[in-house]
Amino acid sequence: GAGVSQSPSNKVTEKGKDVELRCDPISGHTALYWYRQSLGQGLEFLIYFQGNSAPDKSGLPSDRFSAERTGGSVSTLTIQRTQQEDSAVYLCASSKSQAGDLRGEQFFGPGTRLTVL
Amino acid sequence: GENVEQHPSTLSVQEGDSAVIKCTYSDSASNYFPWYKQELGKRPQLIIDIRSNVGEKKDQRIAVTLNKTAKHFSLHITETQPEDSAVYFCAATPYSSASKIIFGSGTRLSIRP
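Protein chains in written order, with this note's numbering: chain A, 93 to 209; chain B, 176 to 288.
Okay, chain A solo, but in the shape it has when bound (with noise of 0.2 Å):
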C-alpha cells in the first residue's frame, strides 16, 4: 500500500522567505511526527501529533516554526522567515498507535531537502 509521502522533495528558497512543508500519513495512522536531519546528523526530533493535537511542541527549534494537522491526516510544518541554518532534511513518519497514544514502529516518508541561500 501507498506508503507516508512529503511534498516537495527539494525546496530550495531565499534567506527571509517563508517555506510549507507537507506530509501525508499512512491511511489509519494517528500519530505523526516531524524531524529534522542536518547533513550526516542524527535525527532531530521536532513536534508530534496524536490525531490533530500537539502535546509536546518543545522539540521546535524557534517560534519561526508552526505546524499543524488537520483531520487527523495531512500535516503542514511551516518555517517562517527561513534562515541559513534551516537547511536540511525535513522527516515525516506515522505510526499506528495502539490505545491511547502507545508508541508502534514508525514508517518515515522521504524528506523535503530544504535549503535556504
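Note that these hints are calculated values from the structure, not bench results.
Computed from a predicted model, the values in this text were never measured in an experiment.
Built from N, CA and C at the ideal position, the CB exists for glycine as well.
Incorrect hints may have been included.
As the list claims (entries may be wrong) - Examples of chain B residues lying across from chain A (beta carbon under 7 Å, computed): (1) Leu221; (2) Lys232; (3) Phe264; (4) Ile276; (5) Ser280; (6) Gly281.
As the list claims (entries may be wrong) - Restricting the straight-line Cα-Cα distance to at most 27 Å, the calculated cross-link-like pairs of lysine-lysine (DSSO-like) are: (7) Lys149(A) x Lys212(B); (8) Lys149(A) x Lys103(A); (9) Lys197(B) x Lys246(B); (10) Lys103(A) x Lys212(B); (11) Lys243(B) x Lys217(B); (12) Lys232(B) x Lys149(A); (13) Lys232(B) x Lys188(A).
For this one, chain A is given, so just place chain B on it according to the hints.
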C-alpha cells in the same frame, strides 16, 4: 533535559564479525527503545525495538539488550554482511506518553569485505 548518547560514532568491522553499538539515556521514564537503520540516501526504517519489561530481544542476526538499572541498551549484529552497512540510530521514549522521542546521534557502520 533528556538525552541519549550513542557510541561509537563510526564503526568498521570485517565481514562475518560482530558489531556492537551502545546507547545510554537519561530519562528514567523511558521504557521503549527502538533502533532504526538508515541506508545511504534512504529513509530510516525500524529494525528492532525493546520495551522495559524484557532484558533482551532477538531477531535473526540482530539482538538488543537493555539494562534499566544502568540506563543503557545495546544493539548487537552477528555475522555481519555488506548490506548491514548503514547508519544506525537508537532512541528512547516513554511508551505511553505524548512526550518527545530522543534519538541518539547515530553510528555509521561499515562492513569490510
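Results for each hint:
1. Leu221: Result: holds, 5 Å to nearest chain A Cβ.
2. Lys232: 14 Å, violated
3. Phe264: OK, holds: Phe264(B) within 7 Å of chain A, min 6 Å.
4. Ile276: With Cβ-Cβ at 5 Å, under 7 Å, it holds.
5. Ser280: 4 Å, holds
6. Gly281: 5 Å, holds
7. Lys149(A) x Lys212(B): 26 Å, holds
8. Lys149(A) x Lys103(A): 24 Å, holds
9. Lys197(B) x Lys246(B): Answer holds: Lys197(B) to Lys246(B) is near 11 Å, not above 27 Å.
10. Lys103(A) x Lys212(B): Holds, because 25 Å separates the two Cα atoms, which is no more than 27 Å.
11. Lys243(B) x Lys217(B): Status violated; Cα separation ~32 Å.
12. Lys232(B) x Lys149(A): Given pair Lys232(B), Lys149(A) is violated - Cα atoms ~32 Å apart, limit 27 Å.
13. Lys232(B) x Lys188(A): With Cα atoms ~22 Å apart, Lys232(B) and Lys188(A) stay inside 27 Å; holds.
Against the hints set out earlier in the document, violations occur for numbers 2, 11 and 12.
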